[in-house]
Amino acid sequence: MKRYADPYAAGVGIGVVLLAAYAIAGRGLGASGAFASVVATGMAVVEGSADASRSPATAPYLTNGLTSPLQDWLVLELLGVIVGGFASAWFAGRAQPTVERGEGVSTSRRLGVAVAGGVLMGVGAKLARGCTSGQALTGGALLATGSWIFIVACFATGYALSPLARRLWR
Amino acid sequence: MMPFAETVTLGATGTLMTAPVLGFAFGWCLERAGLGSARKLAGQFYLTDLTVFKVMFSALLTAMLGAFWLDRFGILDLQLVYLPETFVWPQLAGGALFGAGFLFAGLCPGTSCVAAASGRGDGLAVVGGMLLGVLLFNLGYSHLERFYTSSALGAVTLSDLAGTSRGLMVGIVAGAALVGFMIVGRRVTATPLHRGLAVLTVALALAAVAVDLKNVDAGSLAAEIQSERDHISAPDLASLIIAGDSTLRVFDLRSPSEFVRMHIPGARHATIDTLSREALPRDATLVLYSEGGAHAAQAWVLLRMRGHARVYFLREGLFEWLARVMEPRLPADATERERADFARAAEMSRFFGGSARAGVPRADVPTGYWNAGHSEHASETETAARQSSTNQLIAGIRRRGC
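Residue numbers (my numbering), protein chains in the order written: chain A, 1 to 170; chain B, 1 to 402.
Be aware that one or more of the hints could be misleading.
Each computed SDA-like pair below joins lysine to any residue, with the alpha-carbon atoms no more than 25 Å apart [stated by the list, open to error]:
hint	chain 1	residue 1	chain 2	residue 2
1	B	K40	A	G102
2	B	K40	A	V83
3	B	K40	A	R167
Simulated from the structure, these hints should not be mistaken for lab results. Everything numeric in this text was worked out from a predicted model, so none of it was measured.
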């Protein structure tokens, strides 16, 4: 297994990619937006596209009616993230089926907490209109006020609640 | 000029094709740094592993400084890059919920995809949880809508809010992050790479503060206005057009109907609003005119604040163009200087299909005509008089079928 890269160098690499996204697409990177797009499309399929296009929660993701989410910039970008993440792990000898958990935490407990954490992040990212990629990184580098509010709120809460989760990560 | 998507250089499909490529590089860098591992990310909250902080803030600094300088060199127009809007309370609450979720999941949305891609079941569980969370939000949206859309401030930056220049805010953020890096890395010796990056960051950040001290300084704009370097005379503009200056862009700020009736050759119609969003090359010579001078002068300030150095306006608007270039008139009792100016004007007039007339009675020469470029700002009655003479001049030219 290869050692991890220098975090500052990797950060500069991500910064350059983000800059390229500003320059080419006129927007930054994102992740939760792609989840939102997939869910909106799913809801449109189940409820019928007319209903979903009328709801202000899903309408912004269905501007061209019920089209494939593959026409969404963020969805394609996140597919790239998945492939890139896999390729990097593969070449570093880190790609293998596993469930990462703290000592003394059962696999099912870890998976259950992971789903719960995901739910909280899903709701939080929708409310905040973005996640660590779309708000913290993308908006933060553009000095957007709301992005910095997000960064402060996110990490302040994480640190404040960290004693509660200590057993999970020991 | 970038962004390509906004200036339609790449086209919709071309832009879409870049998404997986940029995503690939993003995912690769995240995994290389170890951010596909939940334990590594969770270490951030117990100060046992600060990789998240290091990666996130070096990415943020790189993009922030890069965007600032590309914009300043006229390569990227930041006005056209989507700036996330601010909603104070929803983003505070959303950030807090997100932070709690991040702590328990040990992964954020982007890194959960990387974790899942490298075979981690917990990564996949977080992805599933995210989808469920978004679904719950959408289903409950009608109850959340009021809160979700509350405290909207629009697309404001920290520098807008604090009333500082962008460069100063860039400097403050870079300084704070560098101090953070120093505290985090105080027990390890810095490698040459780290030292090099730190020096580069300090240099770019200090330069950002310095250029903005000079650039958005209202005092220097005031001095330019005072010394009349803010305007161009109609004959000088005519010379630029005749010379075929490729950097020249002329904008007509009057109403669309007036623009259709008559405009300076090569001019494009614009409003202050479209002008504020338009992608313009940084090295362009921008000339603005309106009916009188007011709108053009306002647009001048706006474009100068956006960092364009060569912006000028016709102080007397289209009237000046018609009176001094299209229809120059020489009074019968002209002075030596008036005759010399007229000879130059008559030549231009022929070029633009106007008609020069010599030997007209002094009374037929519009007020302030020969000295239009030297007069102080016109009074209200004079402006009204000019407006009607502009209409007369246009009517005359149209009768001749120019």
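Consistency of the hints with the structure:
{"no.": "1", "hint": "K40(B) with G102(A)", "result": "holds, 11 Å"}
{"no.": "2", "hint": "K40(B) with V83(A)", "result": "holds, 21 Å"}
{"no.": "3", "hint": "K40(B) with R167(A)", "result": "holds, 15 Å"}
Figure legend: structure checked against the earlier numbered hints; every hint is met.
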